[in-house]
Each structure stands twice: as structure tokens, then as C-alpha cells.
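Student: Single-letter residue listing:
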Amino acid sequence: MNIKIVAFGIARDIFGDSEINFNIEKGTTIAELKEQITMSYPGFKKLVSFSIAVNQSYVPEEYAIESNDEIVIIPPVSGG
Amino acid sequence: MIDIKIKNTALDANDCITFVEDKAAGGIAVFIGTVRNATKGKNVQRLEFESYEPMAIKELRKIAEEIQQRWSALKISIHHRIGNLNIKEVAVVIAVSTPHRKAAFEACEYAIDTLKKTVPIWKKEVFDDGAVWVSATP
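If you read the protein sequences in the order shown, they are chains A and B.
The numbering used here numbers the first residue of the first sequence as 155 and each following residue consecutively.
The numbering used here numbers the first residue of the second sequence as -1 and each following residue consecutively.
Since the hints were made in silico from the structure, they are not lab data.
Check the hints yourself; a few may be wrong.
When the alpha-carbon atoms are kept at most 25 Å apart in a straight line, the in silico BS3-like pairs for lysine-lysine are as follows [claimed, not checked]: (1) A/Lys200 to B/Lys3; (2) B/Lys3 to A/Lys199; (3) B/Lys122 to B/Lys100; (4) B/Lys38 to B/Lys100; (5) B/Lys114 to A/Lys188; (6) B/Lys114 to B/Lys21; (7) B/Lys5 to B/Lys100; (8) B/Lys122 to A/Lys199; (9) A/Lys200 to B/Lys21; (10) A/Lys188 to A/Lys200.
Looking from chain B toward chain A, a few residues come up when the C-beta cut is under 8 Å (computed) [as the list claims (entries may be wrong)]: (11) Ala23; (12) Asn35; (13) Glu48; (14) His78; (15) Ala89; (16) Lys114; (17) Lys115; (18) Lys121; (19) Ser133.
Glycine included, C-beta positions come from ideal geometry on N, C-alpha and C.
The shape of chain B in the complex, shown without the other chains (with noise of 0.2 Å):
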């Protein structure tokens, strides 16, 4: 089973991990991105997230139906978080059961990795002196 949100209030990780239990499950790994103070010795005061909604839920869907024939995982839950972030604040959270740990462990970190390549979704870091798109340029 697979739940994927795109929201613009703040996310709960135990929504995730409540939907990713399962019996048949021997562990839970989860991921929890956060809202870093600085980039490059830059303090930053907030990101903001924009997402070409109707592809990123299509592309985070995609991630998720791959971990589960890969890595045979019970559920998985993916929630990413769109607008103004502040610091420390959550920006995605992702669950995956299997029956063994190493498998969760392995799939949460595809997840993580595969969605920073793919997904439609873009952060702006804004700086005490301007603001810049991530990863957009050299």
C-alpha cells in the first residue's frame, strides 16, 4: 500500500509511520528532512517550496511502486511539505516497512535520493542578502 501527500501545512511523521505498520512487518525506517540554518557558511533564513503538484504526486507514486519490487516493502508513505519552511521545520517525511530492517533502511534511502533526482519539486534559500533556487545553477 502506498500514501503519498503533497501539503502545505506542517507535517506529522507519526502519520507515516501509522500507515506503514503492518504485521507482517520487521521494522519501520523513516526519514525526516529538516530546514538546515546555513548552506555554504551562509545563514539562511527560510526555504520555500513550490511543486508542479499533479507530476510530483505522479513521480513520488513511481518511487514508491519501485521500492516495493525492489525491496518487497509492505507500505510506504511519503509526505512532502510545500510553502514557507522555517528552520527546523519538516519538509518531507518518508516511511517504508519490510519484514527485514536492511531492506527498509536500503528503500528509505532510494526514496530520499530518487526524489531529490526526480520529483517536480524546487527550493528557494532565502539569505539575509538575497535568495537562490537550489541546484538550478552552477
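Next up, chain A with everything else stripped away, as it sits in the complex (with noise of 0.2 Å):
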């Protein structure tokens, strides 16, 4: 299926767009999602860590996600 990600900070600029549309397999978990951006976008491998939120929520690794989520990556945040 075809999902749209946003992202935000250093994660926009490894895109080179505030979001892009990525295809995934049904089921595929956050962690598998992170791994397959990590093979697409190599940028990612230089980060700190990131997140994926949900539905403007932090979620497990292990979350399967569904064809309407909202997927937003969060890189390392830095507010304050």
C-alpha cells in the first residue's frame, strides 16, 4: 500500500521535501518501516536516532500500520 510520510527538521532536509509518498507491504511494523526509509533515504544512518509517530502519537516498534495513519518521522527532538 501507499503511504505518505512528513517530515520535519534534519529529517525534511534527508528528504528533500516536507513529505513523500513510500510504499509498503500490509502489516509492515514501525521498525520494518524505519529499516526499508533507512535502505531508501541512507541520510537516516548519520541521525542520532528517529521516530515515527502515529496519529500524532509516539507508538511501539511492533505497531502495524494502517492505510490511513498519519506517519511522521521525528528526528531527535531539540525544542526549548
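These two chains come separately, so use the hints to put the complex back together.
Tutor: Here you go:
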């Protein structure tokens, strides 16, 4: 299935865009998606870490993505 | 009561202080985060903040709710600014009122420490010779 991935901060710089379309298999987990993103965009390897938020919340790595989920890459935060 | 705001205009610490005033309060602690002019000896020109706003507001609210529980805080106000900020400008204001002062100090420190770990807000430091997303790379 095709999902939209939104990116902020350094993740947007790595994508070269604030959102991309990405193709994943049904049932793909957050952990798997992170691997696939890193394969397609090796720039993510240089980050300290990154998370993926689903529907505006942090989710466990084993969460299986659904087609209507709002998927956002959260690189290391630095507010304050 | 909780007051959370993300703004792209200048913050006024008095807005937060006024919100947390309370008859039952023995003290109000306020943290004001400002833009420093240097990082590791390098001149900083400005900071550029951005947020994933709906989630940032949720995460800030979570911090405030936790403070209410753990420190019996009466009122909490957290305002964060986004956009381009110059040296000395205010990036964040946190105000907490509690019945006794010790809890106010602790809660305020907990709020800024947790904000820096969990809230989806990012800043880019702009130097004379380039720019870096803070904390993103080793």
C-alpha cells in the first residue's frame, strides 16, 4: 500500500521534501518501516536516532501501520 | 488548569504568570528559555524553530498533566515559540503555581527537561558559516 510520510527538521532535509510517498506491504511495522526508509534514504544513518509518530503519538516499534495512519518522522527533538 | 500555546510571535512571560496566579498558591516558579549567542565557542546568529504542532501540543499537555499529579500543581502554563529567533529572544516560558515553593521549582525543572526529550519541536542553529539541526547528529 502507498503511504504518505511527513518529515520535519533534519528528516525533511534528508528527504529533500516535507513529505514523500512510500510503498509498504500491508502489516509493515514501525521497526520495518524505519529500516526501509533508511535503505532508501541512507542519510538517516547519520542521525543519533529517529522515531515515527502515528496519528500524533509515539507508538511501539511493533505497531503495524494501517492505510489511513498519519505517519510523521520525528528526528531527535531539540525544543526549549 | 493548563494553558499550552505554540506561537510564531514574541512570547510574554507575564501571560504565563498571570494564568497561573491562584489564591491557593504559595509560589510560582517560572523558567524562561532564551537564545544564547554561542555554542561550543562558535557564534550563533539566530535559531530557527519548527514544530509538528498538533503532536507538540499533545505532548506539552501530557507534561502539564503529569506535573499536576506528581506535584499537586494548581496551574501550569507553557508557551513555546517557533520561527526565527534572534539572540536574547525568548523561546519558551514555563510557569507553575503550587501550594509550596519546593514543588514549584521541581515541577518547572521537570517540565523543561521533559520538553527537551519528548516534544516534537526542532531548532536549527545558524552560525556564521553554516547551520546545524541541534541534537540530530553525533
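Student: Next step is simple, just say for each hint if it's right about the structure.
Tutor: Tested hints:
1. A/Lys200 to B/Lys3: violated (32 Å)
2. B/Lys3 to A/Lys199: violated (33 Å)
3. B/Lys122 to B/Lys100: Status violated; Cα separation ~34 Å.
4. B/Lys38 to B/Lys100: Given that 25 Å is the threshold and the Cα spacing comes to 33 Å, the pair is violated.
5. B/Lys114 to A/Lys188: holds (23 Å)
6. B/Lys114 to B/Lys21: violated (31 Å)
7. B/Lys5 to B/Lys100: violated (29 Å)
8. B/Lys122 to A/Lys199: Given pair B/Lys122, A/Lys199 holds - Cα atoms ~19 Å apart, limit 25 Å.
9. A/Lys200 to B/Lys21: Answer violated: A/Lys200 to B/Lys21 is near 51 Å, above 25 Å.
10. A/Lys188 to A/Lys200: holds (14 Å)
11. Ala23: violated (24 Å)
12. Asn35: Nearest chain A Cβ about 17 Å off; hint violated.
13. Glu48: It holds, given that the least Cβ distance between B/Glu48 and chain A is near 6 Å, below 8 Å.
14. His78: Hint on B/His78: holds, closest Cβ of chain A at ~6 Å, below 8 Å.
15. Ala89: This interface hint holds because 7 Å falls under the 8 Å limit.
16. Lys114: holds (5 Å)
17. Lys115: holds (7 Å)
18. Lys121: For B/Lys121, the interface hint holds, since the closest Cβ of chain A sits about 5 Å away, which is under 8 Å.
19. Ser133: holds (4 Å)
Checked against the numbered hints given earlier, the structure breaks hints 1, 2, 3, 4, 6, 7, 9, 11 and 12 and satisfies all the rest.
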